[in-house]
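2 protein chains.
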Amino acid sequence: MTKKELIEQIKTKKSFLCVGLDPDLNKIPQHIKNNFEDVIFEFNKQIIDATAAYCVSYKPNHAFYEAYGLKGYNSLEKTIKYIKEKYPKHFVISDAKRGDIGNTSTMYAKAAFEDLNADAITIAPYMGKDSVEPFLQFKGKWGIVLALTSNPGAFDFQTLKINDAELYKHVLKTTSTWGNDENMMYVVGATKAEMLTDIRKIIPNHFLLVPGVGAQGGSLEEVCKYGLNNDIGLLINSSRAILYADASENFAKAAEAEAKKVQQEMSNYIK
Amino acid sequence: MTKKELIEQIKTKKSFLCVGLDPDLNKIPQHIKNNFEDVIFEFNKQIIDATAAYCVSYKPNHAFYEAYGLKGYNSLEKTIKYIKEKYPKHFVISDAKRGDIGNTSTMYAKAAFEDLNADAITIAPYMGKDSVEPFLQFKGKWGIVLALTSNPGAFDFQTLKINDAELYKHVLKTTSTWGNDENMMYVVGATKAEMLTDIRKIIPNHFLLVPGVGAQGGSLEEVCKYGLNNDIGLLINSSRAILYADASENFAKAAEAEAKKVQQEMSNYIK
Chain A
146 MTKKELIEQI
156 KTKKSFLCVG
166 LDPDLNKIPQ
176 HIKNNFEDVI
186 FEFNKQIIDA
196 TAAYCVSYKP
206 NHAFYEAYGL
216 KGYNSLEKTI
226 KYIKEKYPKH
236 FVISDAKRGD
246 IGNTSTMYAK
256 AAFEDLNADA
266 ITIAPYMGKD
276 SVEPFLQFKG
286 KWGIVLALTS
296 NPGAFDFQTL
306 KINDAELYKH
316 VLKTTSTWGN
326 DENMMYVVGA
336 TKAEMLTDIR
346 KIIPNHFLLV
356 PGVGAQGGSL
366 EEVCKYGLNN
376 DIGLLINSSR
386 AILYADASEN
396 FAKAAEAEAK
406 KVQQEMSNYI
416 K
Chain B
146 MTKKELIEQI
156 KTKKSFLCVG
166 LDPDLNKIPQ
176 HIKNNFEDVI
186 FEFNKQIIDA
196 TAAYCVSYKP
206 NHAFYEAYGL
216 KGYNSLEKTI
226 KYIKEKYPKH
236 FVISDAKRGD
246 IGNTSTMYAK
256 AAFEDLNADA
266 ITIAPYMGKD
276 SVEPFLQFKG
286 KWGIVLALTS
296 NPGAFDFQTL
306 KINDAELYKH
316 VLKTTSTWGN
326 DENMMYVVGA
336 TKAEMLTDIR
346 KIIPNHFLLV
356 PGVGAQGGSL
366 EEVCKYGLNN
376 DIGLLINSSR
386 AILYADASEN
396 FAKAAEAEAK
406 KVQQEMSNYI
416 K
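In the order they appear, the protein sequences are chains A and B.
The first sequence begins at 146 in our numbering and counts up one residue at a time.
The second sequence begins at 146 in our numbering and counts up one residue at a time.
Please note: incorrect hints may appear among the correct ones.
Straight-line distance between alpha carbons at most 25 angstroms, and here's what the computed SDA-like set of lysine to any residue pairs gives [as the list claims (entries may be wrong)]:
no. : chain 1 : residue 1 : chain 2 : residue 2
1   : A       : LYS216    : B       : GLU367
2   : A       : LYS172    : A       : ALA386
3   : B       : LYS255    : A       : ALA360
4   : B       : LYS223    : A       : ALA386
Source of the hints: derived by calculation from the structure; they are not laboratory data.
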């Protein structure tokens with residue numbers, strides 16, 4: 146998907162919501178577990194059908210599938226296939242946080258872009274240029290590099306100062322020269338919204354994938370205040386607040402209502 | 146597996162070789178591709194049977210399986226199951242370079258330790274403490290944190306100086322307080338062997354997983370000179386030099402000869 150196509154979707158839907166598909170068997174409603182063979186896929190399918198009108202992106206996090214082994218990996222493949230067939234204009238992010246030496250990263254890129262057919266993959270930057278570049282060689286596909294994450298551990302290394310600039314700023318400055326704003330995005334946690342002012346000075350035009358709104362405590366208003374650019378430039382992820390809005394047979398309706406609520410708040414920021 | 150058990154294996158076999166199981170369909174001999182349904186598993190099986198006597202560890206890199214989707218993931222599961230059943234004393238490393246926010250890292254830990262039944266998993270440190278700690282909560286299992294990797298990109302961020310010490314040294318100092326040398330190891334590339342002197346000052350007792358000997362150009366002699374400790378303290382990985390020592394029907398014999406050659410060199414360092 147091109148940047149132009151993504152922006153068109155955002156403007157059409159008046160939404161820059163990404164729904165994180167993190168299925169946890171401990172939280173999936175009992176009636177789904179009782180009635181379906183592929184519980185994870187069925188849960189996702191109902192969540193997707195309920196929220197597709199209010200979001201522009203889906204982000205399955207691989208951990209929640211790999212934890213269930215081969216069966217989980219099968220659910221992941223089916224989930225992305227379902228989205229791509231039924232909602233082909235939605236931007237699918239393989240949230241895998243991969244990164245390895247050059248020839249190995251190429252194999253991860255094939256997994257995400259050729260096997261799974263995702264539009265984007267999240268990437269850990271620690272291993273440097275040859276670990277990131279292979280993800281940027283696929284036409285119409287995106288690498289989304291971790292810059293400043295939403296978790297407490299972000300302050301262990303990402304904010305260490307190197308010559309008066311934090312590590313995450315070096316990551317932004319350096320990695321942004323390896324691609325461009327048509328094939329790269331960055332992860333910036335909503336829990337650090339005030340840091341977006343500095344981040345926008347370094348990468349004014351890149352899209353940011355922003356986790357941490359909702360269950361992790363980040364504020365949509367704060368993120369928009371500091372992070373919006375002329376193209377909107379944000380994909381704001383919500384996972385648990387939508388997926389587990391309700392634990393009963395009503396879960397999909399509750400997820401729809403939650404996604405719609407976020408979309409309506411977002412519509413205020415889209416001219 | 147405990148540290149004591151690992152050291153016993155090393156002393157018994159006079160080897161601290163880890164064979165990297167990175168199956169690449171472009172390099173697997175044609176007769177395997179012609180004759181077997183699960184080409185990757187059959188290739189691995191023959192490599193494992195040929196090398197088990199000369200190594201103490203196997204390290205499948207997930208990328209080389211995930212690139213082939215569900216079928217590849219199945220081959221990965223079967224490969225580890227085969228090792229665990231036939232060679233239960235071999236230390237199996239899931240080379241996945243994972244890392245995510247706390248609750249998500251727990252799911253990755255389950256994938257590696259419960260589903261795949263690996264003894265260890267490689268971890269990317271960028272996301273900090275809550276991304277690493279979940280891997281250290283499983284009895285008898287190990288987290289292997291990326292410190293200084295073997296690739297050219299290691300010099301992009303890992304060696305940036307923060308208050309006169311490079312980032313990778315901060316990673317060693319900080320992360321080593323989150324666990325101990327009975328549940329943590331570190332990745333240090335053989336291509337940076339001279340840096341092992343400083344590394345051993347920070348973590349004298351931890352095992353190091355050392356990739357980069359062989360195809361990537363690192364020297365076993367140099368790594369041993371700077372990296373050995375009283376427990377040996379090294380697992381030296383070789384992948385391509387062993388797996389693809391020969392592309393004919395003779396590949397397993399050639400892999401055996403290559404593994405034996407490395408083991409014999411290693412035996413000189415084990416009293």
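request  = Compare the structure with the hints numbered earlier in the document and write down the numbers of the violated ones, lowest to highest.
outcome  = Result: hints 1, 4 break, sorted rising.
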